[in-house]
Amino acid sequence: MKLNKTKVIVFFIIIAVLAISFWWGGNAPGLQGWNVSTDNSKELESRPGGLKGSLTAEEKISLVEELTNCSSPGVEKGDTDYSVSLGMKIDEDTGKDKYLTDPVPEGKPVPIEPQNVEITDKELTCTMSVRCDTILNNINWLDREKVELVPEDGIIFQQENVTFYEGESVFNVLIREMKKNKIHMEFVNTPMYNSAYVEGINNLYEFDCGELSGWMYKVNDWFPNYGCSRYQLKEGDVIEWVYTCNLGVDVGGYLALGADS
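Its first residue numbered 1411, the sequence shown is counted upward by one per residue in my numbering.
Simulated from the structure, these hints should not be mistaken for laboratory data.
It is possible that some hints are incorrect.
Think about it this way: if two alpha-carbon atoms lie no more than 27 Å apart in a straight line, the pair counts; the simulated DSS-like pairs of lysine-lysine are [as the list claims (entries may be wrong)]:
#, residue 1, residue 2
1, K1644, K1508
2, K1487, K1506
3, K1556, K1518
4, K1499, K1487
Label pairs and their computed distance ranges (CB to CB) [claimed, not checked]:
#, residue 1, residue 2, range
5, R1586, G1497, 23 to 29 Å
6, E1469, M1602, 17 to 23 Å
7, E1596, T1504, 27 to 33 Å
8, K1532, T1600, 25 to 31 Å
9, R1586, Y1509, 40 to 46 Å
10, E1468, D1503, 16 to 22 Å
11, L1496, E1555, 30 to 36 Å
12, E1486, K1589, 22 to 28 Å
13, D1503, D1563, 30 to 36 Å
14, L1496, E1558, 26 to 32 Å
15, E1468, E1645, 24 to 30 Å
16, G1497, N1547, 36 to 42 Å
17, E1555, G1460, 16 to 22 Å
We put the CB at the ideal spot given by N, CA and C, even for glycine.
Let the hints inform the model, and build the full structure from the sequences given.
Take a look at the structure:
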């Protein structure tokens, strides 16, 4: 009888501990310091695109135009003559190449096609970083189970010098460094654009912070208008992968349609 009584007491102690843990779940390690409501359903509904999902490209552009009607400073439209002079084949009817890429601004590198590139064993050096600090400003747009994936400083991969090989692309370097540092990464190959598309890094995916959110990259402070598999690196390049919550507006990489600069 005494043994059964002890089991009953232990049982109720366990139940009490579980109840307390559940009650204080919002203050669990990893959530401390974050201004995250226990029920963020209203905040999620306020995200760009709300909760409905699957917005069309036109609807996304319309959402961004509600935020701004001009391009980010320094973001320029492409120069057709310049791009053609460097080998881009622009269709006169569409104004784009066969992979739907617009001309690049004067002074910027044109895309290369991965299948035509020869990668050598010559070692070169560039700089790379991966950040998601924009999420910190919109933390209540993020599903609660994703909050602990966001570093307190927003830095997933600290800026550092990394080695690459002559002929390699931004994508080659990203996938190698993420694997080497055991950082999750997921991508899909998109034949239409002849490039890999990065869906998620560190388990933070496109659309996790609204319909306009996702990963973007820039090289030497320029956001290329083509995929990361088509950007061939050169010695000393500075690569930055950044997470945007509103189609590039918050990271300085938005080009308004019809804008001159």
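Hint check:
| no. | hint | result |
| --- | --- | --- |
| 1 | K1644 - K1508 | 25 Å, holds |
| 2 | K1487 - K1506 | 13 Å, holds |
| 3 | K1556 - K1518 | 36 Å, violated |
| 4 | K1499 - K1487 | 17 Å, holds |
| 5 | R1586 - G1497: 23 to 29 Å | 27 Å, holds |
| 6 | E1469 - M1602: 17 to 23 Å | 20 Å, holds |
| 7 | E1596 - T1504: 27 to 33 Å | 31 Å, holds |
| 8 | K1532 - T1600: 25 to 31 Å | 29 Å, holds |
| 9 | R1586 - Y1509: 40 to 46 Å | 24 Å, violated |
| 10 | E1468 - D1503: 16 to 22 Å | 21 Å, holds |
| 11 | L1496 - E1555: 30 to 36 Å | 46 Å, violated |
| 12 | E1486 - K1589: 22 to 28 Å | 34 Å, violated |
| 13 | D1503 - D1563: 30 to 36 Å | 48 Å, violated |
| 14 | L1496 - E1558: 26 to 32 Å | 45 Å, violated |
| 15 | E1468 - E1645: 24 to 30 Å | 41 Å, violated |
| 16 | G1497 - N1547: 36 to 42 Å | 40 Å, holds |
| 17 | E1555 - G1460: 16 to 22 Å | 19 Å, holds |
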